[in-house]
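Student: Spelled out, the chains give:
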Amino acid sequence: MFILKYIKEVYNGLKSLVVGLRRTLYYFSHHKEIITQQYPDNRDTLVFPDRFKGEVVMLHDDNNEHACTGCTACELACPNATIKIITKFDITPEGKKKKAIDKFVYHLELCTMCNLCVVACPTNAIKMAQTFEHSVFNRAELTKVLNKPASKIREGVE
Amino acid sequence: MWSFSKISKLIDSWLSVNFSSTWTMVIEMVIAGIAVITLFALLGLVLVLMERRVAAWIQIRLGPNRVGPGGMLQSLADTLKLLVKEGMTPDGADKFLFNLAPFIAMIVAMLLMAPIAFASNFQLWDLNIGVLYVTAISSLMVISILMAGWASNNKYSLMGAMRSGAQIVSYELSAGLSIMSIVVLSGSLNLNEIIQSQADGWWLFKGHIPVVIAFIIFIIAVTAETNRAPFDLAEAESELTAGFHTEYSGMKFALFFLAEYINVFIVCAIGATLFLGGWMPFHIGHWQAFNHVMDFIPSSIWFFGKTFFLIFLIMWFRWTFPRLRIDQLLDLEWKYLLPISMFNILLITLMAILGWHF
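The listed protein sequences correspond, in order, to chains A and B.
The first sequence stops at residue 170 when you use our numbering, and every number in between is there.
The second sequence stops at residue 1364 when you use our numbering, and every number in between is there.
Keep in mind that the hints are not guaranteed to be accurate.
[Stated by the list, open to error] The calculated SDA-like cross-link candidates involving lysine to any residue, where the alpha carbons are at most 25 angstroms apart (straight line), are:
{"#": "1", "chain 1": "A", "residue 1": "Lys44", "chain 2": "B", "residue 2": "Thr1141"}
{"#": "2", "chain 1": "A", "residue 1": "Lys115", "chain 2": "A", "residue 2": "Arg151"}
{"#": "3", "chain 1": "A", "residue 1": "Lys109", "chain 2": "A", "residue 2": "Gly82"}
{"#": "4", "chain 1": "A", "residue 1": "Lys65", "chain 2": "A", "residue 2": "Asn54"}
{"#": "5", "chain 1": "A", "residue 1": "Lys17", "chain 2": "B", "residue 2": "Gln1334"}
{"#": "6", "chain 1": "A", "residue 1": "Lys20", "chain 2": "B", "residue 2": "Arg1331"}
{"#": "7", "chain 1": "A", "residue 1": "Lys27", "chain 2": "B", "residue 2": "Ile1066"}
{"#": "8", "chain 1": "A", "residue 1": "Lys27", "chain 2": "B", "residue 2": "Leu1330"}
{"#": "9", "chain 1": "B", "residue 1": "Lys1012", "chain 2": "B", "residue 2": "Phe1124"}
{"#": "10", "chain 1": "B", "residue 1": "Lys1341", "chain 2": "A", "residue 2": "Gly82"}
{"#": "11", "chain 1": "B", "residue 1": "Lys1212", "chain 2": "B", "residue 2": "Val1299"}
{"#": "12", "chain 1": "A", "residue 1": "Lys17", "chain 2": "B", "residue 2": "Val1218"}
{"#": "13", "chain 1": "A", "residue 1": "Lys20", "chain 2": "B", "residue 2": "Val1042"}
{"#": "14", "chain 1": "A", "residue 1": "Lys115", "chain 2": "A", "residue 2": "Asn150"}
{"#": "15", "chain 1": "A", "residue 1": "Lys17", "chain 2": "B", "residue 2": "Leu1352"}
{"#": "16", "chain 1": "B", "residue 1": "Lys1015", "chain 2": "B", "residue 2": "Val1042"}
{"#": "17", "chain 1": "A", "residue 1": "Lys27", "chain 2": "B", "residue 2": "Leu1336"}
{"#": "18", "chain 1": "A", "residue 1": "Lys44", "chain 2": "B", "residue 2": "Ala1061"}
{"#": "19", "chain 1": "A", "residue 1": "Lys115", "chain 2": "A", "residue 2": "Cys133"}
{"#": "20", "chain 1": "B", "residue 1": "Lys1341", "chain 2": "B", "residue 2": "Thr1141"}
{"#": "21", "chain 1": "B", "residue 1": "Lys1341", "chain 2": "A", "residue 2": "Lys44"}
{"#": "22", "chain 1": "A", "residue 1": "Lys20", "chain 2": "B", "residue 2": "Pro1345"}
{"#": "23", "chain 1": "A", "residue 1": "Lys20", "chain 2": "B", "residue 2": "Asp1333"}
{"#": "24", "chain 1": "B", "residue 1": "Lys1341", "chain 2": "A", "residue 2": "Glu21"}
{"#": "25", "chain 1": "A", "residue 1": "Lys17", "chain 2": "B", "residue 2": "Tyr1342"}
{"#": "26", "chain 1": "A", "residue 1": "Lys108", "chain 2": "A", "residue 2": "Lys65"}
{"#": "27", "chain 1": "A", "residue 1": "Lys44", "chain 2": "B", "residue 2": "Val1073"}
{"#": "28", "chain 1": "A", "residue 1": "Lys65", "chain 2": "A", "residue 2": "Ala93"}
{"#": "29", "chain 1": "A", "residue 1": "Lys44", "chain 2": "B", "residue 2": "Arg1072"}
Think of the hints as simulated: they come from the structure by calculation, not from any bench.
Because the structure is a prediction, the values reported are computed rather than measured.
Chain B with its partners taken away, still in its complex shape:
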């Protein structure tokens, strides 16, 4: 049976037969880069369309239905439109930073793609501190937002960027703590080992109520970290026009837009890896017969299925809840999420020491 790991091994062995080891490395890196960019483009198209469909159905509408069969090509048409639009730079803007910011956003999103395991034995970079790497790099996102807000020389942009800074810095804490709870339980920072530790059941089911609480806090915190409604104060269409990307147009705006969706995908992939077992099929303890049946479904389908389920969850939040005010936002983090997740991680540590999980 074909799988991603098999294909990658075939390519690797074919390259190492035909080229020297240095060239093999170089060509593999180029292939990986192209694959990541292709995945980005595809994700952008699929997620935008998915968002519009979910939004339409939740709001009792039909959604895009003119371009292509059932509106399937709508996001492609939007991309084409953005490509041919003029990318303007305002006169008063800091031109270098203004033009650099969208690329920083994209680069951060690309870097985050590295440690994610898309299927069994299919990973760009299997590094032993994967979780730490992800939390560290994802907080770089705020730099691009602040850069865009500051360089635009626009009050709306700056206010949006400052709000986003306050938001990301505070929500990083509870997201980090809920990620820590899984690290405590699995005893490893390596994403692959965390997945392997879920071979007899996902942490969400093995870890009783404290892990469920950690999962809920994680979902809330990453929704805030990716600046999506109900925490989209950074762009807040009704108050700040579009926040930090008010002044952007054309492809530079599209890069910000794409980076938002890629970030959503990545945090959902991380959430799926930590709490729902990544590419690990649904296993119940040591019930071999059931586990074997589940193994027939390819691991990549498990991974993308779980990730898209979490993405749907986040979209569902976006189209259900109204936007929070900035003080309510900080209240929620510092008065509720942080104390609860601190108490929660104590409970989970106790659980891990006494071996109370399955």
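If we strip away everything but chain A, and leave its shape as in the complex, we get:
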């Protein structure tokens, strides 16, 4: 019937409006739900969401060893040529030549924090750090070398 359909339409319309209003009233009255933070004031107590991605860093352990084999999987995965890996050949004690990284060059100014390099890495040598205050006065400072000076590849990582 026409009139029944009409009343049903009005009822359903009002009901859906009330659903929306209840949600916003909940947010209005529950300030613990607020997700923004007073940034410069709470620098010491900043809370980052788990998935926040700031910049690529290479993990080093206490012996100044990393897990990067220089396979360039990250370099190939990067969509905008942020990573450039310069390799060298180490001489192992047995006298064999072994490929290792000389410099892991990372262009922060080109990076879009897409996380593809971290996904591509077979040895979990790099990860996304949660830093974000990246502004500098000189653009050259944004080009970083991620492996620390005199760092070596960890034993047993192939």
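Got chain A sorted already, so can you dock chain B onto it with the hints?
Tutor: Same frame as chain A, but now just chain B:
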């Protein structure tokens, strides 16, 4: 105890002792004008801040928090910024109408302030057709919007103004009909008498479901009439940049902005007067003990409390609902609100004749 009516009587008696009756009249008018302008400025500051806070909390943000304690002076800083900005007039614009339009908007808002009762015995102009006056003057608002849109010589402005015209003309009907339902029940067009008729309970509670329906329709219609989201097609930031005030800057823009908020305040004051008893405290029938306790709260606090509750309601709508399309907007009025409110007013008339309300 001090109250607004007492203060106004004191001023009146002091003036009439010291001046002739003509001068008393003139000075009182000047005082009233200054009071209204001050109220405007204060309302503008408070409502803008309130809107930003409500918006922030609804959107799970903190809102303004840098200027002054807890961001309290944010709207003051904004006003200062707008005051020192250059008020430009575009080359191709009709300069006279372009510069006149914001003032018309302000004047309409000021005229609407006249019949509103802010507290018991505290009213600028107690005229016997208050409700009619308010509905008549509030539709003048569309003239300033059309004027601004046309004179800007800008397609966005004109489209916004035309939309606003269509919107205000159509929503005036259902707003008028829901106001009529209270006029039918109270049997008077005088705002003071309407308030007095609610001494034993507000119409929203006395009038059963039909008045609740009328109230809902009134709130929807006035939201549309004041061009606020979800009915802000006239300014529609995402489609028309800013609609009819695209070309305005500086203080002329601020006047439009202020007029919008003043209009929101006024329609909420009218809604509070008609449905929630204006300055009348919350009374339940003839339960004297309860009514006396409620009378201890000053009438001005009741009035502003109810008005700000309704303003909050309208802000709540704004930050919850998405904007309607123009055809949906007109559908809502002509297919839903108008037939329902026509049927509703028949029901209410029947109720009033048979005395079915409390």
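Student: For each hint, tell me whether it holds in the structure or not.
Tutor: Hints, one by one, checked against the model:
1. A:Lys44 / B:Thr1141: violated (43 angstroms)
2. A:Lys115 / A:Arg151: holds (19 angstroms)
3. A:Lys109 / A:Gly82: Between Lys109 of chain A and Gly82 of chain A the Cα gap is close to 14 angstroms, so the pair holds against 25 angstroms.
4. A:Lys65 / A:Asn54: The given pair, whose Cα atoms are some 19 angstroms apart, holds under the 25 angstroms limit.
5. A:Lys17 / B:Gln1334: holds (18 angstroms)
6. A:Lys20 / B:Arg1331: Holds, at about 22 angstroms.
7. A:Lys27 / B:Ile1066: holds (23 angstroms)
8. A:Lys27 / B:Leu1330: Distance of about 17 angstroms is within 25 angstroms: holds.
9. B:Lys1012 / B:Phe1124: Measuring from Cα to Cα gives roughly 13 angstroms; hence the hint holds.
10. B:Lys1341 / A:Gly82: Outside the cut-off at roughly 70 angstroms; violated.
11. B:Lys1212 / B:Val1299: Holds, because 20 angstroms separates the two Cα atoms, which is no more than 25 angstroms.
12. A:Lys17 / B:Val1218: It holds: about 22 angstroms lies between the C-alpha atoms, which stays within 25 angstroms.
13. A:Lys20 / B:Val1042: The hint is violated at about 46 angstroms.
14. A:Lys115 / A:Asn150: Roughly 21 angstroms between the alpha carbons, so the hint for Lys115 of chain A and Asn150 of chain A holds.
15. A:Lys17 / B:Leu1352: holds (22 angstroms)
16. B:Lys1015 / B:Val1042: holds (18 angstroms)
17. A:Lys27 / B:Leu1336: holds (21 angstroms)
18. A:Lys44 / B:Ala1061: OK: Lys44 of chain A and Ala1061 of chain B at ~16 angstroms, within 25 angstroms.
19. A:Lys115 / A:Cys133: This hinted pair holds, its Cα atoms lying about 16 angstroms apart.
20. B:Lys1341 / B:Thr1141: Satisfied, since the Cα-Cα distance of roughly 22 angstroms is no more than 25 angstroms.
21. B:Lys1341 / A:Lys44: Violated, at about 42 angstroms.
22. A:Lys20 / B:Pro1345: Status holds; Cα separation ~15 angstroms.
23. A:Lys20 / B:Asp1333: Holds: Lys20 of chain A and Asp1333 of chain B sit about 21 angstroms apart, inside 25 angstroms.
24. B:Lys1341 / A:Glu21: Holds, at about 11 angstroms.
25. A:Lys17 / B:Tyr1342: holds (13 angstroms)
26. A:Lys108 / A:Lys65: Cα-Cα ~39 angstroms, so violated.
27. A:Lys44 / B:Val1073: holds (23 angstroms)
28. A:Lys65 / A:Ala93: holds (18 angstroms)
29. A:Lys44 / B:Arg1072: holds (20 angstroms)
Hint violations for this structure: numbers 1, 10, 13, 21 and 26, all remaining hints satisfied.
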